[in-house]
Each structure stands twice: as structure tokens, then as C-alpha cells.
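> Heads up, the final residue of the sequence shown is numbered 1304 in my numbering, and it's a clean run with no missing numbers.
Hints listed in this document are in silico derivations from the structure and should not be mistaken for laboratory results.
For glycine and all other residues, C-beta sits at the position ideal for the given N, C-alpha and C.
There's no promise every hint is true.
What the hints assert, rightly or not - Result set (DSSO-like, lysine-lysine): computed pairs, CA atoms no more than 30 Å apart in a straight line:
1) K1189 with K1153
2) K1137 with K1235
3) K1127 with K1137
4) K1267 with K1091
5) K1189 with K1137
6) K1128 with K1138
7) K1267 with K1302
8) K1167 with K1128
9) K1189 with K1138
10) K1167 with K1267
11) K1167 with K1127
12) K1189 with K1164
13) K1242 with K1189
14) K1235 with K1195
15) K1138 with K1242
16) K1127 with K1164
17) K1235 with K1267
18) K1153 with K1167
19) K1137 with K1167
20) K1138 with K1226
21) K1091 with K1235
Unchecked claim - Ranges between beta-carbon positions, derived for each pair:
22) Y1148 with G1106: 33 to 43 Å
23) K1267 with E1188: 17 to 27 Å
24) K1138 with A1217: 17 to 27 Å
25) I1232 with V1283: 24 to 34 Å
26) L1288 with S1150: 39 to 49 Å
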Amino acid sequence: MTFEYVGSELELFASAKNWRAYWTSLVRSHLGQRVLEVGAGIGSATRQLIDDKKDWVALEPDKKMAEQMRDDRYLSSAKVLCGTIDSIDKAEKFDNVLYLDVLEHIENDVLEIEKACHHLKPGGSIVILSPAHNWLMSEFDMAVGHHRRYSKGCLEAIRPKNMLPVAKLYLDSFGLFASLGNKLILRQASPNKSQIMFWDSFLVPVSKVLDRILLYSIGKSVLVVWRKEN
């Protein structure tokens, strides 16, 4: 069955350099040598995290996006596959499986995580970055195909018993209020470029400082890392 991504925001958010640099700085230390990125999109996160020392498999079910990644000279060291996690050989094992703004698009998230665990080496980790809080669900979420948003508690509820929690963080505390404003007032199905640039240039740097002060207790995104027991 052919999959076509319904959202149109990936190119727009690719310009959010401060946001991407912020969360990737928190993810990078958890990465091993062999990485499976599920739902890599157009490769915005891949470009930020990959290096020549890593064996990186970028998995993307949308054929056009997968082809775009293959044509990207900055991603020449990545192996790009068009498909879902079911496309990965059952014998393949990785140090990490990444879901970067992806798990909320997958209807059966529990089954998906079980499949990801199967592909982890002992001591390997699952990294999940997702939009936070179901009460922030908006026209934008529905327009890009989100089934849900996550709290720390929601993610904890789907954590497999053989996976140990390593990190649980809310990110972008200041951006949470911008998202709430969109939900209650603007009700936009998609932000425009000027709004993205304002958020990325002014709100994200403030959040980066405020998040640490607040001990990552509030934010519009949630980041968790789980490690597989040996």
C-alpha cells in the first residue's frame, strides 16, 4: 500500500534552526554507532545528527520524501529505505531507534514500540520526541495527521517492561503558551513562515534557559529516552 504524508509543514519547520539545535543537543549523547530513524521525513533531523562514523538507516514510508533524502548530498552516508518498521529484516539490530516527531502519527503506538524493541541490541535505546499534552490538540495537529499528543505519563504507560527510563523532559516552556494561543485564538491549521521564524529566533532561546530553571517540568514538546535491559 502506497503511503503519502498528509502534512505540508516539514519544509517550513526545517528552517527552525535554533529549535533543532536545542533538542538534538539533548539527543546526541544517547546515540550509538548503529541508528534506525523511523519516519525520517525530508531528513532535517538526520542532517543534524548523522556523522560519517555512524551506520544510519533512515526509514520513510512516503516515496517522494525518501527519494528526496536519497538525492540530498548531505545524507550520502545514510541508507535510506522507503517503508515502515515492518520493512526492516527481523535479524537487524540497532543501538538506537528514533521517533522524532513521528510516534504521534502512528495509530497503534504500543505495537510500534514493541517492534522497535525487537530491533534493539541489549543496552540499546529508544528516543522519542513528540508534541506534548492532549489538551493542546489543535487544528494544526489534525491537519498533519496527529492521532494524539503525549504527556510524560502517557509515554510511561506504553513503555515496555524491559525498557528502563533514562530521560523524561518537557521542552520549549515558552512555546507552550504560543501553542495554547493558536489553539484558543488563532486556530490555524498551519503556521506561516514569519510565525515560525519569530518562535525559533525569540521564543526558543528563552525556552532553552527557562526549561533548565524549571527542571524541564513544562513545555510543548516531550522527550524521553528508554534503554533496553541487558
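> Just to be sure I understand the hint, the distance between the Cβ atoms of K1267 and E1188 should be within 17 to 27 Å; is that true here?
violated (39 Å)
> Do the alpha carbons of K1167 and K1127 lie within 30 Å of each other, as the hint requires?
Holds - the C-alpha atoms of K1127 and K1167 are around 17 Å apart, at most 30 Å.
> Compare the distance between the alpha carbons of K1128 and K1138 with 30 Å, and conclude whether the hinted pair is satisfied.
holds (25 Å)
> Sort out whether K1128 lies within 30 Å of K1167, counting only the CA atoms.
OK: K1167 and K1128 at ~14 Å, within 30 Å.
> Taking only the CA atoms, is the gap from K1189 to K1164 under or equal to 30 Å?
Distance of about 9 Å is within 30 Å: holds.
> Are the Cα positions of K1167 and K1267 separated by 30 Å at most?
violated (39 Å)
> Take a look at whether the Cβ-Cβ distance between Y1148 and G1106 falls inside 33 to 43 Å.
The hint (33 to 43 Å, Cβ to Cβ) is violated, given that Y1148 and G1106 are roughly 21 Å apart.
> Is it true that the CA of K1189 sits at most 30 Å from the CA of K1138?
Answer holds: K1189 to K1138 is near 25 Å, not above 30 Å.
> Within 30 Å, alpha carbon to alpha carbon, are K1267 and K1091?
holds (13 Å)
> For a C-alpha distance cap of 30 Å, please report whether K1137 and K1235 respect it.
Violated: K1137 and K1235 sit about 34 Å apart, past 30 Å.
> Against the 30 Å threshold, does the CA-CA distance of K1189 and K1153 hold or violate the hint?
At roughly 20 Å apart (the allowed maximum being 30 Å), K1153 and K1189 satisfy the hint.
> Hinted pair, alpha-carbon criterion (30 Å max): K1153, K1167. Please report holds or violated.
With Cα atoms ~15 Å apart, K1153 and K1167 stay inside 30 Å; holds.
In summary, the numbered hints that this structure violates are 2, 7, 10, 15, 17, 20, 21, 22 and 23.
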